[in-house]
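J.: Going down the list, the sequences are from chains A and B.
Per the UniProt record's numbering, the first sequence runs over residues 1 to 376.
Per the UniProt record's numbering, the second sequence runs over residues 1 to 376.
The hints are simulated quantities; they were obtained by calculation from the structure and are not laboratory data.
The reader is advised that the hints may include incorrect statements.
All copies of an identical chain are treated as equivalent in the list; a pair is satisfied when it fits inside any one copy or across any two copies.
[What the hints assert, rightly or not] With a straight-line Cα cutoff of 27 Å, these simulated BS3-like cross-link-like pairs (lysine-lysine) come out:
1. Lys-290 x Lys-123
2. Lys-242 x Lys-123
3. Lys-123 x Lys-323
4. Lys-123 x Lys-174
5. Lys-107 x Lys-123
6. Lys-251 x Lys-123
7. Lys-290 x Lys-242
8. Lys-107 x Lys-242
9. Lys-290 x Lys-161
10. Lys-323 x Lys-242
11. Lys-290 x Lys-107
12. Lys-174 x Lys-323
13. Lys-174 x Lys-251
There are 2 protein chains.
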Amino acid sequence: MTTPFRFTLAATDGRARTGTITTPRGEIRTPAFMPVGTAATVKAMLPDSVRATGADILLGNTYHLMLRPTAERIARLGGLHRFMNWDRPILTDSGGFQVMSLAGLRKLTEEGVRFSSHVDGSKHMLTPERSMEIQRLLGSDIVMCFDECPALPADEATVAKSMRLSMRWAERSKAAFGDRPGHALFGIQQGGVTPELRAESAEALQRIGFDGYAVGGLAVGEGQEAMFGVLDYSPDMLPADKPRYLMGVGKPDDIVGAVERGIDMMDCVLPSRSGRTGQAWTRRGQVNIKNARHQDDPRPLDEGCTCPACRSYSRAYLHHVFKAGEIISSMLMTWHNLHYYQELMAGLRGAIAAGRLSAFVAEFHAMRAEGDIEPL
Amino acid sequence: MTTPFRFTLAATDGRARTGTITTPRGEIRTPAFMPVGTAATVKAMLPDSVRATGADILLGNTYHLMLRPTAERIARLGGLHRFMNWDRPILTDSGGFQVMSLAGLRKLTEEGVRFSSHVDGSKHMLTPERSMEIQRLLGSDIVMCFDECPALPADEATVAKSMRLSMRWAERSKAAFGDRPGHALFGIQQGGVTPELRAESAEALQRIGFDGYAVGGLAVGEGQEAMFGVLDYSPDMLPADKPRYLMGVGKPDDIVGAVERGIDMMDCVLPSRSGRTGQAWTRRGQVNIKNARHQDDPRPLDEGCTCPACRSYSRAYLHHVFKAGEIISSMLMTWHNLHYYQELMAGLRGAIAAGRLSAFVAEFHAMRAEGDIEPL
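Extracted from the complex, chain A is given alone in its bound form (with noise of 0.2 Å):
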């Protein structure tokens, strides 16, 4: 028999919740942060090394594999997870979120979005029919709702007609998506920032059903402090027993501040893409590598962090790598920031567990305060 999707909450303080997302593949500690592997790679990133970060879930994106080099071709080959060599379970979003942003290319009806593709021009259409069956395709173990989502700002009426499109898009996914045991299928809170919309399309998802819930478009520009006014009262409007992720993001103290606001799961590409540019991540703060003040520096990016990075390499030889153009500044940087980000969610869920969660928020703003360690 399968073992069913299932989520076991272990803990809770104040409104942050920490326990158990159990399936097939695996489980997923919760609070939980998603690496991304945009292409069927979670960049610069061997799939052993990002499990050694602590992950227990990746993200894949649909719109990108169905692209390159197709979810057809995925499946012949016996699914994303042998394709790119992770056994573990995946998430996959649903395409909209990418070609919503394809400005120019795309075109939205009541039917799905029509759009071209970045890598050749061809022409495709997502709907909510079409988008799963390519996450089935796919084969991944958490299916997200297409759904549209508005940059914000936006006027309340706009976001209002999208929202209310997005739930009759949710209708039609959970009735494509059909019953997949093993599998699951969330629904996406839309409602931008008004109160009443995100009310409206939580109870428009849980009259639908889903396995778990999402809550949408708050990472598109509109900043911490109007996300933090959202996730004061949105994830209470979703079913508790349910995982609650909170898409795209983010930088540290969102996710901290996510967390505490009863958020299980969260996704951002920052820690890689950040890697790649030479930023690191600290529990002091950001760390730009390309500064020369790092070039004579004997000491790693972070005393207490025991990532490859930081056990082996010296700021300098990570400003010299990065600054001579070598793909190990990458590898050794990304490494480091999915070090960090998953410490950070290990922190999280012991210190709810332990009840002792705004103790542990305090000392984690108390030493970014502090700032990166003294030049030499």
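Let chain A serve as the given structure and place chain B on it in line with the hints.
T.: Coordinates of chain B only, in the frame set by chain A:
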């Protein structure tokens, strides 16, 4: 007491030899292939992974490192081994070969070579004395004499004049190197494709006396036939009880031919550079992973290979990540190529030890003649 630098011959088969070079930083099994770590990194590889392929020693480039991050900086940071996190032996070239190729940007005199940096245009001078100083600052285990190496074809008078300059520089290199227990200085035989000049060079070097001898000037575009022509006699001009190093070679069949002719050490950027451009080296020859015939192929690059790329990834995946410009393409393809090269060296060593080198070489050529596996 410091472990001395020592070469122990274990077996010979025809002119081919297998043995061990002992250094304070570990043993080097010969014939040895040295991956190139130009800018203090074997491109797209972590040092642990390089070691996992079977490499006993790396090569570092004096020219690149003296310019960036500079030898003085590396020395302040504890030397090249610590800087790049490789605790086994490192051989450094003298910088001579690379400054010579800076056509138009360098000026050669009896004293040495004045040149402009390709990084920032700054002016530098390399002499035998400065090359020895830089290699000492880097902490190199095997130091190469500073020599001149004319591009071939060149007329005999040019080659003779250049070789005699290199011999005077070899004497200055030896004097500047001094007495450094546990560290080795190698002389470099020059003389182009003229046996009399090769003999004169070999005699001059032996009068000075070195810990090992390189055959120089044979990776400068003269072709395999001319190279093997020189190797048919030149290694025998060098002392049998010292390691013989063929610089900058080569393709797998170059390596096999060189080992058959008595060469103990080689280095080349080819396996790593090819990896980054989508070329794999296998027992059946080259595979161009860019080719569309691989896009649906579930088979590994080489069914018989145990490297991580072959164990866990299909040609279809390797094709996809190459086309998508993903860093993991360089990582996996480089790993495969370095693994293949080291497996080839292990095979050669085993065959020589067992006295069955000619059978090994016959099989090597027979498998390559078969070509890559049939398309599906």
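J.: All hints, please: hold or fail.
T.: These are the hints, each one checked on the structure:
1. Lys-290 x Lys-123: The answer is between: 24 Å across copies meets 27 Å, while 41 Å in one copy does not.
2. Lys-242 x Lys-123: neither (37 Å within a copy, 66 Å between copies)
3. Lys-123 x Lys-323: The answer is between: 20 Å across copies meets 27 Å, while 40 Å in one copy does not.
4. Lys-123 x Lys-174: Close inside one copy (26 Å), not across copies (68 Å); limit 27 Å.
5. Lys-107 x Lys-123: This pair counts as within: shortest intra-copy Cα distance 11 Å, inter-copy 58 Å.
6. Lys-251 x Lys-123: Neither: 35 Å inside a chain and 44 Å across chains, both beyond 27 Å.
7. Lys-290 x Lys-242: This pair counts as neither: shortest intra-copy Cα distance 43 Å, inter-copy 44 Å.
8. Lys-107 x Lys-242: Answer is neither; intra-copy 34 Å and inter-copy 73 Å both fail.
9. Lys-290 x Lys-161: Answer is neither; intra-copy 45 Å and inter-copy 46 Å both fail.
10. Lys-323 x Lys-242: neither (46 Å within a copy, 39 Å between copies)
11. Lys-290 x Lys-107: neither (41 Å within a copy, 33 Å between copies)
12. Lys-174 x Lys-323: neither (49 Å within a copy, 34 Å between copies)
13. Lys-174 x Lys-251: For Lys-174 and Lys-251, neither the intra-copy (32 Å) nor the inter-copy (56 Å) Cα distance is at most 27 Å.
Checked against the numbered hints given earlier, this structure breaks hints 2, 6, 7, 8, 9, 10, 11, 12 and 13; the rest are met.
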